[in-house]
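Numbering (our numbering), first residue to last: 1 to 317.
I should point out that these hints are in silico values taken from the structure, not numbers from a laboratory.
Possibly wrong hints are sitting among the right ones.
[What the hints assert, rightly or not] Cβ pair distances, simulated, as ranges:
{"id": "1", "residue 1": "A58", "residue 2": "D121", "range": "26 to 32 angstroms"}
{"id": "2", "residue 1": "E84", "residue 2": "T245", "range": "22 to 28 angstroms"}
{"id": "3", "residue 1": "D219", "residue 2": "L107", "range": "41 to 47 angstroms"}
{"id": "4", "residue 1": "E298", "residue 2": "P272", "range": "40 to 46 angstroms"}
{"id": "5", "residue 1": "Q264", "residue 2": "D121", "range": "51 to 57 angstroms"}
{"id": "6", "residue 1": "K273", "residue 2": "E166", "range": "28 to 34 angstroms"}
{"id": "7", "residue 1": "T129", "residue 2": "E309", "range": "20 to 26 angstroms"}
For every residue, glycine included, the Cβ atom is placed at its ideal position computed from N, Cα and C.
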Amino acid sequence: MALHAPSTLLSTVKGDNSQMRALVTGGAGFFGSHIVDALRARGDDVVALDDLSTGDRANLDPGVPLIVTDISDREAVRDRLAGERFDAVVHAAAKTKVVESVAQPALYHRVIVNGTSNALDVAQLSGATRFVNISTGGALYGETPQCATEESPIEAPSPYGRYKAEAERLASSTPGLPAITLRFANIYGPRQRTDLEGGVIAIFAGAWKRGVPLMIYGDGSAERDYLYVADAVAAILAAVDGGATGSYNIGTGVATSVNDLVAQLTALLGPPKGVVRAAERAGELQRSCLDSSKAARERLWRFSVPLAEGLRRTVAA
């Protein structure tokens with residue numbers, strides 16, 4: 001599916017029409033492939049790197065060079081990218097399952113922390129002058145009774161969140177490499193897999209399509225900040241083109257419960273085939289919401305696609 005024009009973009013048009021060469025790690029994944037599409041649509045030369053553990057070559061145009069390797073394997077990454085020159089590196093490769101990170105912390109440390117270190121290494125060796133680090137909001141701040149700002153304390157309850165915080169520190173302390181970290185809310189949209197923990201909208205839409213009951217953990221009151229993928233991509237483009245460094249929240253500032261999400265999907269798709277309730281899962285938050293006023297105030301980004309419209313576009317795709 002072609003991306004909608006990123007109307008959230010405030011300052012991402014390259015004034016000199018110059019072509020940029022970019023590496024997108026995790027580029028065959030749901031979010032990464034949308035980033036690749038958006039960069040190519042404006043004329044940039046893009047290389048994707050992905051181990052295809054959750055990504056899919058079919059997400060990419062056949063003309064996109066894809067390097068299949070594990071971002072956490074330092075020697076393999078250096079070998080496959082030796083001699084390559086990039087203007088920017090967008091680091092989207094990661095493991096993203098909160099519950100899985102509790103059971104497999106060593107795996108998550110290797111992929112997130114070591115992987116970020118390797119991506120920074122590539123950026124330096126390739127001569128890149130811009131590094132965009134994709135991080136998380138909800139798993140980083142923990143429970144947010146009020147939508148979290150960048151000044152909110154880091155209280156990550158899971159290994160996933162703690163390792164993302166460590167990856168941010170690595171990005172911000174790499175000498176000579178301007179880096180920006182974007183802390184995203186729950187991204188959703190076309191191409192999202194239906195078998196990964198964080199993609200509840202994709203999971204629910206898949207259940208509707210297959211005609212099977214929805215699985216809801218807990219009483220359905222848990223709230224999340226849902227961000228449509230085209231809005232998220234607009235933030236990436238702004239980060240690539242701008243000079244901002246440091247950390248920025250990228251979310252809608254609206255917390256939606258699972259029960260309300262089901263109600264909105266029911267309005268689009270009709271009643272589901274039933275609902276199965278299960279116990280809450282370890283490491284899950286009750287409420288996650290991001291305040292992105294800093295990004296808007298500094299003219300980096302603001303969201304434009306409300307949940308109802310994003311769901312309509314996702315279902316239509």
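Going down the list of hints, with the structure as the test:
| no. | hint | result |
| --- | --- | --- |
| 1 | A58 <-> D121: 26 to 32 angstroms | holds, 29 angstroms |
| 2 | E84 <-> T245: 22 to 28 angstroms | holds, 24 angstroms |
| 3 | D219 <-> L107: 41 to 47 angstroms | violated, 31 angstroms |
| 4 | E298 <-> P272: 40 to 46 angstroms | holds, 41 angstroms |
| 5 | Q264 <-> D121: 51 to 57 angstroms | violated, 43 angstroms |
| 6 | K273 <-> E166: 28 to 34 angstroms | violated, 42 angstroms |
| 7 | T129 <-> E309: 20 to 26 angstroms | violated, 36 angstroms |
Of the hints listed earlier, those the structure fails to meet are numbers 3, 5, 6, 7, in rising order.
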